[in-house]
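Visitor: Chains as they are written, first to last, in my numbering: chain A, 97 to 428; chain B, 97 to 428.
Among the clues, some could well be false.
Treat identical chains as interchangeable: a pair holds within one or across any two.
[Stated by the list, open to error] Straight-line C-alpha distance at most 27 angstroms; calculated BS3-like pairs for lysine-lysine:
{"id": "1", "residue 1": "K145", "residue 2": "K100"}
{"id": "2", "residue 1": "K100", "residue 2": "K122"}
{"id": "3", "residue 1": "K409", "residue 2": "K289"}
{"id": "4", "residue 1": "K299", "residue 2": "K202"}
What the hints contain is simulated information worked out from the structure, not anything from laboratory work.
2 protein chains.
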Amino acid sequence: MTQKCDDLGEREVVRRITKILGVSEKDDCAMAEDGERYLVWTTDMLHRKADFPGIATPWQIGWMTVAVNLSDVAAMGAVPLGLLVAAGIPPETDMSFVEEIFTGMKDCAHRFDTRVLGGDLDSHNELTLVGTALGWVEKDLALRRRGARPGDLLCTTGTLGSAGAGLRVALGAERKGETKRIEEDASLLALTKRLLEPAPRAKEGRALALSRSVTSMMDNSDGLALSLFDLAEASCVGFSVQEERIPIDPLVAEVAEDREDAVDLALTAGGDFELIFTVTPDRIEDAARACNFTVIGKALEEREIVIESEKVKKALEPRGYQHMSGFSEGKL
Amino acid sequence: MTQKCDDLGEREVVRRITKILGVSEKDDCAMAEDGERYLVWTTDMLHRKADFPGIATPWQIGWMTVAVNLSDVAAMGAVPLGLLVAAGIPPETDMSFVEEIFTGMKDCAHRFDTRVLGGDLDSHNELTLVGTALGWVEKDLALRRRGARPGDLLCTTGTLGSAGAGLRVALGAERKGETKRIEEDASLLALTKRLLEPAPRAKEGRALALSRSVTSMMDNSDGLALSLFDLAEASCVGFSVQEERIPIDPLVAEVAEDREDAVDLALTAGGDFELIFTVTPDRIEDAARACNFTVIGKALEEREIVIESEKVKKALEPRGYQHMSGFSEGKL
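With the sequences and hints as input, model every part of the structure.
Guide: Put into structure tokens, the structure is as follows:
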């Protein structure tokens, strides 16, 4: 009996592949021993249709390709060493479009003190960009998804929900043919920029590792909710999140239908590229010296993930960023 | 005025991109400084239609994806540290097909003492596999395309032309609907296996580096002729090749129309994944202790690339493996 990948679903496909490869632990990067340190590296395949809204400029497409990989390196507490890019480009593409893509890649890499060192160029029917980032981290400083202990404080850098709100703005404007309107509205423009020009938390990830106060970390590229499920599984803990503590980007209110919708965007929309991490309570001041962040909850002994507001405490659902296609975007 | 990529051609597209990125030298791998050694890494995008003949089994598709990247690591004289794979898979693909692909990857990596450490899974309209291999080499042992000096002996590992002959067999059998015939003929089967199950020269590349006798090296993935043009350009030398010394695989005669055609396959067909390198004449015995190879010519001061037979000496043309599409497969 044959089984199609899209009938099995992403998680099962990934589970079977990782079993074949003998990959036992899931982190933002793969790790290779290198004396006193780990080399960490990650790869991410992005497609024109599934990963980039129509309004994305080629420069933004290049920027995103580099940024998503640097975010994974940052989530390990590592220092980037460089990137490679394999680019599949439709032959009829304008050269100026291609040049803008690679300029965006270069600019993002430079912004975070690293470089695109090379790659591979290929012809493809759909624009396909595969970035690979390499970094290093001292063995005793490496931050992984496992390591959170019950009682640890749950934290996030930055604000949440704006990339999701930006995606809603972009898709809405494209549907109505009103993309010009975005450029004329500072708030809408800021939201879409948050989506299309993500700033990986490179400095913050490294500073948190050096603070030796963090017990587990990952980026929230698929949204806060899914990230919590991943952290919980890797660390064998649960989490409770205080709803009113979630640092929702104020601009999200311009797009969200109501407070509930804004919370939903902050919880389930991907693309913010913030760091989600846990801190030993008595080291919280060391963490606070490393960078700005918000404590949004704590790790639990019980294997449950709950969100608490003034009124109610309820189980968080594992909903998050999904590609358009049947299965996709699974870290091996 | 807009210019399309396929009007500009691969070389010009690559030239413009590398200029943007500031990538000044072309080698089989990108290099990053790491104390006393270099980290070397490479990425290669492969597609179902352009890179894998129809007769390729999923296991062979996986094997090839890993092998082509390990060949690049070998060409630097480096030791592999591991691989990542980004896989774009059509959702309607049978899971067993996917499992065979990843088993082929695992088997190839294990065969060459390394591992696939992780990757990214994505949905794509065409099967797209992007392997990335990481390795290391001592700074004073790293082998690059530059370094050949006039008078150096030009060498190749193994035999040439069989992958090209195998491709001819595969395409011919597919066209005629006679792929069954390949399985019944030991010679045809051996030729197609040479194409579909390439064995990167990992041991040889490393041994040659350790011999300290080699002045320049690359793999011949795009065919001997194009490799010579690349080595010549990087090293600022020319080459003369003795036609009768080219180690053509004896099986090539079963497919080639005549001797001239066999030489042409050995010169211009890609996929053999042998190492092409130059050796200082007085160190040739050190090189010979490292591994088996054949001296096929020598480096020249004149910037010409010529092939000499008993009868005639003529300029070698820069013809070689080309993908089906307008521009493709350019190392950045």
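Visitor: All the hints need checking, so say for each whether the structure fits it.
Guide: Hints versus structure:
In the homo-oligomer, the alpha carbons of K145 and K100 lie at most 27 angstroms apart both inside one protomer (22 angstroms) and across protomers (20 angstroms), since each shortest distance falls under that limit. For the homomeric pair K100 and K122, the shortest alpha-carbon distance inside one copy (24 angstroms) is at most 27 angstroms, but the shortest distance between copies (41 angstroms) is not. Taking identical chains as interchangeable, the C-alpha atoms of K409 and K289 are never at most 27 angstroms apart, the minima being 34 angstroms within one chain and 61 angstroms between chains. Taking the closest pair of Cα atoms, K299 and K202 come within 27 angstroms of each other only inside a single copy of the chain (18 angstroms); across copies the shortest separation is 35 angstroms, beyond that limit.
In terms of the numbered hints stated before, the structure departs from hint 3 and from no other.
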